[in-house]
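S.K.: The chain contents come next:
2 protein chains.
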Amino acid sequence: MEDAIKKIVTTFLQSSRGKENLDSKSFQKMVSSNLGTIMENAQDKEAVDKVMGDLDSNNDGEVDFTEFIILVGALTVACNDFFLEYNEKQEKK
Amino acid sequence: MEDAIKKIVTTFLQSSRGKENLDSKSFQKMVSSNLGTIMENAQDKEAVDKVMGDLDSNNDGEVDFTEFIILVGALTVACNDFFLEYNEKQEKK
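These protein sequences, in sequence, are chains A and B. For the first sequence, full-length UniProt numbering gives the first residue as 1, with consecutive numbering after it. For the second sequence, full-length UniProt numbering gives the first residue as 1, with consecutive numbering after it.
These are calculated hints, taken from the structure and not from any lab test. Careful, some of the hints might be misleading.
Since copy identity is lost for identical chains, a pair holds within one copy or between any two.
[What the hints assert, rightly or not] Straight-line C-alpha distance at most 25 Å; calculated SDA-like pairs for lysine to any residue:
| id | residue 1 | residue 2 |
| --- | --- | --- |
| 1 | K19 | D81 |
| 2 | K50 | E2 |
| 3 | K29 | E40 |
| 4 | K29 | K89 |
| 5 | K92 | T10 |
| 6 | K19 | K89 |
| 7 | K89 | L13 |
| 8 | K92 | S26 |
| 9 | K29 | K45 |
| 10 | K92 | E67 |
| 11 | K29 | C79 |
| 12 | K93 | S32 |
| 13 | K45 | E85 |
| 14 | K45 | E62 |
| 15 | K93 | S16 |
| 16 | K7 | T66 |
| 17 | K93 | E20 |
| 18 | K89 | T66 |
| 19 | K19 | K50 |
| 20 | K93 | V51 |
| 21 | K92 | A47 |
| 22 | K92 | Q28 |
| 23 | K6 | N87 |
| 24 | K6 | K92 |
Turn these sequences into a full structure, and let the hints steer you where they fit.
M.R.: Below you can see the structure in the form of structure tokens.
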């Protein structure tokens, strides 16, 4: 799991090209190239802009690392919920 | 990064042996076998019990998935901070 944590850190660093925050363009690119399967509408600019707006709690027009982790956490919980539902359906068959 | 998210989900499922929560024993084992490098005192029962107490926001004596994700998020932010500090020191040399 430590490799997973490091992967999340390096994904942010690569996407932000070493800067501390992701601007709109780099956030779009990070989502479309890294979250295309887990996130619905990952290729839809408007939908991704909406997600960015929701994450940008300090309204600076950018996503910092802590705001990014909230997205990763929410996706991980959603992935877990999907997994539990899938297992439940399999058991009912 | 999607593999990283899946790894976090499967680590919880394996540690909880398919149950919805981690009890004290399975939380200890999850920490010692998965977070031994990133987390200080990962092998110290008392220290890990303290972390568990801090995470257990609904005080049911167990750690559910959402509480687990808060730990993973905090460790990821700490890992990123460490990385940024390390880079800054390298640049000053």
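S.K.: To test your reading of the hints: which numbers does this structure violate?
M.R.: 4, 8, 10, 12, 13, 20, 21 and 22
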